[in-house]
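Trainee: For reference, the chains in residue letters:
Protein chains: 2
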Amino acid sequence: MKKLTIKEFARAINMSVSTVSKALRDSHEISSSTKQKVVAMAEELQYHPNPYASSLRRKKSKTIAVILPEVADSFFSLAINGIQAVAEQKGYHVLIYLSHDKYQNEKAFIDDCGSGRVDGVLISVSQETVSASHLRQLQSGNVPVVFFDRSLSGFETASVETNDFECGYIAAQHLLQNGCRNISMLSISGCLSICQKRTDGFLAALEEAISKDETISGSITELGDKHEMAMQQIADVLQNSNSPDGIVASAESVAIQVYLATSKLGVAIPQQLKVVAFSTLETAEILNPSLTTITQPAFDIGKTAAEILFKAIEKPQFTLADEHIILPSRLVKRQSSTGMVFAEMTLSM
Amino acid sequence: MKKLTIKEFARAINMSVSTVSKALRDSHEISSSTKQKVVAMAEELQYHPNPYASSLRRKKSKTIAVILPEVADSFFSLAINGIQAVAEQKGYHVLIYLSHDKYQNEKAFIDDCGSGRVDGVLISVSQETVSASHLRQLQSGNVPVVFFDRSLSGFETASVETNDFECGYIAAQHLLQNGCRNISMLSISGCLSICQKRTDGFLAALEEAISKDETISGSITELGDKHEMAMQQIADVLQNSNSPDGIVASAESVAIQVYLATSKLGVAIPQQLKVVAFSTLETAEILNPSLTTITQPAFDIGKTAAEILFKAIEKPQFTLADEHIILPSRLVKRQSSTGMVFAEMTLSM
DNA sequence: TATAATTACGAAATCGGTTTCGTAATTATA
DNA sequence: TATAATTACGAAACCGATTTCGTAATTATA
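First to last, the sequence lines map onto chains A and B.
Going by the working numbering, the first sequence opens with residue 4, and the numbers climb by one from there.
Going by the working numbering, the second sequence opens with residue 4, and the numbers climb by one from there.
Keep in mind that the hints are not guaranteed to be accurate.
Pairs involving identical chains hold if they fit within one copy or between any two copies, as the list cannot separate such chains.
[As the list claims (entries may be wrong)] Derived EDC-like pairs: lysine to aspartate or glutamate, alpha-carbon spacing no greater than 16 Å straight-line:
#1 314 / 91
#2 110 / 46
#3 267 / 288
#4 6 / 114
#5 110 / 91
#6 65 / 317
#7 6 / 115
#8 200 / 225
#9 93 / 317
#10 5 / 114
#11 105 / 131
#12 110 / 131
#13 93 / 115
To be clear, the hints were calculated from the coordinates, so they are not data collected in a lab.
Taking the hints into account, I'd like the entire structure generated from these sequences.
Mentor: Here you go:
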């Protein structure tokens, strides 16, 4: 079966091209009886309007772009689900671009998005991104942009994030309350706003604690991009002469590496080292030992960001810069930081 | 800055529209000096050709669709990475659709893909999908389709899968070799070809074992769609009068549920129950206890499927039906099935 | 009943590129 | 030097829909 154009289809059902087009778009100019006929015949003859011809004429693509660093991370997987749920309900299509945390990739995608390919962009910026010039370009082309999770200061648009500072604070405080005296933050990159905030929160709690008890100490380590390098850095921290008795892992990948490192080095969690991780890992509960997490509302972050984006798409005068949503994460206490071994766990070991 | 059309841009640089178009597409009709000028000015004036006008005329969308059940699963996350890597290198865009394992969703996406929106489709079919009529429609519209991971019998096109039958066999055999006498397969859906094959392999190993030793037994349970229902079914299996001493979990989600259930019920892995799971879980190594997995080459499955799809897109006479790639999974033995507790693990506990 | 307003539809312009085809200028061949 | 071939570019048709605008038929108002 060859593809039908509107012209061929109109001829086949003995109507004019414009009547068909209007009928399918539910125009008030067409009587309902004619509409029904057209819709029925379109179904029967399998006529699907060419979306690009339509996009060209209407200057709407019914498509949004999602630009994010990776999709391997469970956070981003969940966020995509949230975005997709909203897009699907709105009848929009979703293009996915992975920057792999490289600015050049991100810029190339953004530039392409300025061509009219998409009606809006959701972005979680790469680790390398410091300037917002590529985004400004988009904005001046009237393509709305919404940040989710990782935003960029110095660029005014909507953002949906979690309470990173507060959570950094809570994580540190939690470790201290559970008896840690020397806590360390393992962060993935200083450039990222979220890591900076988490670190700032961590520091705030640490300083507060030190002001009350001078025997408490702490440190911050920024891990390299490369997997092996990060692994080595973690090992160094753990084997240091004043190695920490508590660690805050600023990302899921860091937490996994810490677990692997402690296992290799024979450091016992939680006896020798307590761990809290920023993570949405589904398996946190069943890790060895179960992992205390700061769990982000990943799905809702994606969903909310998409909802805001659609508001801007549907109402061009909508001022994105006013929307700054904070969806709180929550601390889920488990064995890795509390040392508590639950009854049923004991039985099973 | 308003969006530039090719007409405006051509006038601005004092050339004809066709010269500009040809220059940007690197036509042999245009001298290299003119090309350079045009490209430089396009960069300077930020002229981006409208992709939809181009698609309309050229009848190419430079876009592929990926239709899959979920992206929460780590298998699909990795597969998307593989697909994206190939697409990006080819200069293609990737539309993602999540069927949530519902046939109706899948069909709606596929129907839309037949409109010329995409040049090709990669699909991992939903659990509910039994008929291939929606795919046939696509095929007759000359949109190439490639299955990855989950395929559909009765529809002739390329597929990239893993050795499911063999792995089902290996998983069962591994449990038996490690002393299990009553093994159970927990499968997510009988309709799925991959689960069927895994189950068939499991059965083959089981029957072979029984023929040598009649005291060996086994069973198969098909879990419901709903999370709570599956959880209850797993609990039932574990509390049954002749509950198994070995379990093969046919999917990542099942493995997680088994771990949670055993923890609740106080069943000790691996002492009372040995577990093998089909999974690409990054955290398998650090679970409590570490999980023996049949690990699929998820990234490569996505990558290979995309490569085959592009062959068909670039060469329409390419016969997809001849391509049936099997990328083997491998058994990664860990504590959950062997009972071995490694030295460093002991230290850390 | 005559006129105005409304309804239902069709012809043609349009969206922004690409491509065919024609032509002037240049280079190669006889 | 005359003719053929090649090169470099421009005018206009075209892709397949949408939308404006015009018109005939119908209904409402005076």
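Trainee: Please work out whether the CA atoms of residue 6 and residue 114 approach to 16 Å or closer within one copy, between two copies, in both situations, or in neither?
Mentor: Close across copies (13 Å), not inside one copy (32 Å); limit 16 Å.
Trainee: Within, between, both or neither: how does the pair residue 200, residue 225 come out at a Cα-Cα threshold of 16 Å?
Mentor: within (14 Å within a copy, 46 Å between copies)
Trainee: Should residue 110 paired with residue 131 be assigned to within, between, both, or neither, using CA atoms and 16 Å as the limit?
Mentor: within (11 Å within a copy, 40 Å between copies)
Trainee: Within, between, both or neither: how does the pair residue 93, residue 317 come out at a Cα-Cα threshold of 16 Å?
Mentor: within (11 Å within a copy, 33 Å between copies)
Trainee: Since the copies are identical, ignore which copy is meant and state whether residue 93 and residue 115 lie within 16 Å (CA to CA) inside a copy, between copies, both or neither.
Mentor: Close across copies (15 Å), not inside one copy (23 Å); limit 16 Å.
Trainee: Given identical chains, is residue 314 near residue 91, meaning Cα to Cα at most 16 Å, within a copy, between copies, both, or neither?
Mentor: within (15 Å within a copy, 30 Å between copies)
Trainee: Classify it for me, residue 105 with residue 131: is the Cα-Cα distance of at most 16 Å met within a copy, between copies, both or neither?
Mentor: within (6 Å within a copy, 39 Å between copies)
Trainee: Taking 16 Å as the upper bound on the Cα-Cα distance, should residue 5 and residue 114 be classified as within, between, both, or neither?
Mentor: Answer is between: at 15 Å across copies they meet the 16 Å cutoff, but 35 Å inside does not.
Trainee: Using 16 Å as the alpha carbon limit, work out where residue 65 and residue 317 are close: within a copy, between copies, both or neither.
Mentor: within (11 Å within a copy, 27 Å between copies)
Trainee: Should residue 110 paired with residue 91 be assigned to within, between, both, or neither, using CA atoms and 16 Å as the limit?
Mentor: Cα proximity of residue 110 and residue 91: across copies only (14 Å, versus 26 Å in one copy).
Trainee: Are the CA atoms of residue 110 and residue 46 at most 16 Å apart within a copy, between copies, both, or neither?
Mentor: Result: close only across copies, 14 Å inter versus 41 Å intra.
Trainee: At most 16 Å between CA atoms: does that hold for residue 6 and residue 115 within a copy, between copies, both, or neither?
Mentor: between (29 Å within a copy, 13 Å between copies)
When the structure is compared with the earlier hints, no violation turns up for any of them.
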